[in-house]
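Take the sequence shown: its position 219, counting from 1, is numbered 219 in our numbering, and each next residue is one higher.
No lab work stands behind these hints, which were simulated from the structure alone. Check the hints yourself; a few may be wrong.
In the DSBU-like style, the derived pairs of lysine-lysine whose C-alpha atoms are separated by at most 30 Å in a straight line are [what the hints assert, rightly or not]:
(1) 309 / 359
(2) 334 / 62
(3) 249 / 152
(4) 185 / 309
(5) 156 / 334
Quick list of the computed label-pair ranges, beta carbon to beta carbon [what the hints assert, rightly or not]:
(6) 224 / 50: 25 to 35 Å
(7) 83 / 335: 38 to 48 Å
(8) 307 / 66: 12 to 22 Å
(9) 247 / 313: 33 to 43 Å
(10) 308 / 189: 14 to 24 Å
Computed from a predicted structure; not experimentally measured. Glycine included, every Cβ here is placed at the ideal spot set by N, Cα and C.
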Amino acid sequence: MRACLRNTVLVTAALSTAIALAACESGAGSDPDGGDGPRIALLLPDATTARWETQDRPLLEKEVEKLCGDCSVEHVNAKGDVRLQQEQMHSMIAKGVDAIVLVAVDARSLGAAVRRANEAGVPVIAYDRLAEGPISGYVSFDGEEVGRLQGKALLKAMGDDDVPDGQIVMMNGDPSDPNAVLFKKGALSVLTGRVKIGKEFDTLQWRAETANMNMSAAISALGVGNIHGVYAANDGLAAGSISALRANKVDPLPPVTGQDAELGAVQRLVNGHQYMTVYKPFAPEASGGAAMAVAAARGENLARVAPDKVETSTGKTVPARMLTPVSVTVDNIKSTLVKDGVYTIRQICTPRLVAACDKAGLT
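My request is simple: use the sequences and hints to build the entire structure.
Following this line, the structure appears as structure tokens:
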């Protein structure tokens, strides 16, 4: 019945888009043409954040295969381009997929595409970011708690008693990403009244090079010795900020926060360039996303696999899985990331980091 409804709703423009995009989409599961089993589309937002292709994608594909042997997953990456992701959504609807897992480049701009999917009978699972429109389910981490963890760590690193005299730079994420708004809100709930915010930047598309440019501007405006901490919303922005600080001979480096526990960030924790990152265990998130996608593709009730609830932009409450983030510093790398099998000591402790790893108790 759903397939019939979907075929009735589809329009010629969507079919044309599907043909135009066929050459640039990359399949990422067994039998992307779907065969007789349910077909799930995975739409990732960019290639600049390492986690999407190196962690989330393979984990989600593996979980789908485990739960549904005859399911297939087709993966595309928008490379930070809103229009391209809109076209990818239309293409997947035209292909007749049974469910879409969406990490929106821009939640608001993807709202119309989510509505079109809903009209075509294709359930959309918002993954990591709460997309606008009539989504069927949501899996993510508590965004405000991420920001609180970052803010608390920054205060601790700056020395709580002396913090009122401290001045920080805030390197926020992309304001079109609902998560970035939550991170900032959580961080400010901890930092407001405790530090002076010397400069604050929003970073479109979460680009590290933009963070680098903005940090250089902050150093010019505030002075080399007048930045006592950096709130960086994720590890990419941390990397760009740290690069600018080092290029401008800021020594010692102020504590810098991060998020996503990227390997490069973990190595920066070891060598002392970055103070902390937020680890959002990828496996539970991928497991939740896969379970919801498979249930949705089969036409099953999502509440069975999603015990929480979230209110969407339409005012509707949908099933959700909300997970708990973890603060990581050099002191607990072993008991978090290594213990969970995210990285091995060998991956972290490259030859140039042997001495630092020894000091950190990692080897």
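Here is how each hint holds up against the structure:
1. Between residue 309 and residue 359, the direct Cα distance comes to roughly 44 Å. Violation of the 30 Å bound is thereby established for this hinted pair.
2. Only pairs whose Cα atoms come within 30 Å are accepted, and residue 334 paired with residue 62 is accepted, the gap being roughly 25 Å.
3. Proximity of residue 249 to residue 152 is assessed by CA-CA distance (about 27 Å); at most 30 Å being required, the pair is judged to hold.
4. Annotation: proposed proximity of residue 185 to residue 309 holds, straight-line Cα distance about 21 Å (limit 30 Å).
5. A C-alpha spacing of about 21 Å is found between residue 156 and residue 334, which places the hinted pair at or below 30 Å, so the restraint holds.
6. Separated by about 30 Å at the C-beta atoms, residue 224 and residue 50 satisfy the suggested range of 25 to 35 Å.
7. Distance hint check: the CB atoms of residue 83 and residue 335 are about 44 Å apart, consistent with the given range 38 to 48 Å.
8. At about 20 Å, the CB distance of residue 307 to residue 66 agrees with the hint of 12 to 22 Å.
9. Judged by the Cβ atoms, the range 33 to 43 Å given for residue 247 and residue 313 holds: they are separated by roughly 41 Å.
10. Residue 308 and residue 189 have their C-beta atoms about 22 Å apart, which keeps the hinted 14 to 24 Å range intact.
Going through the hint list in order, the structure does not satisfy hint 1, though it satisfies all others.
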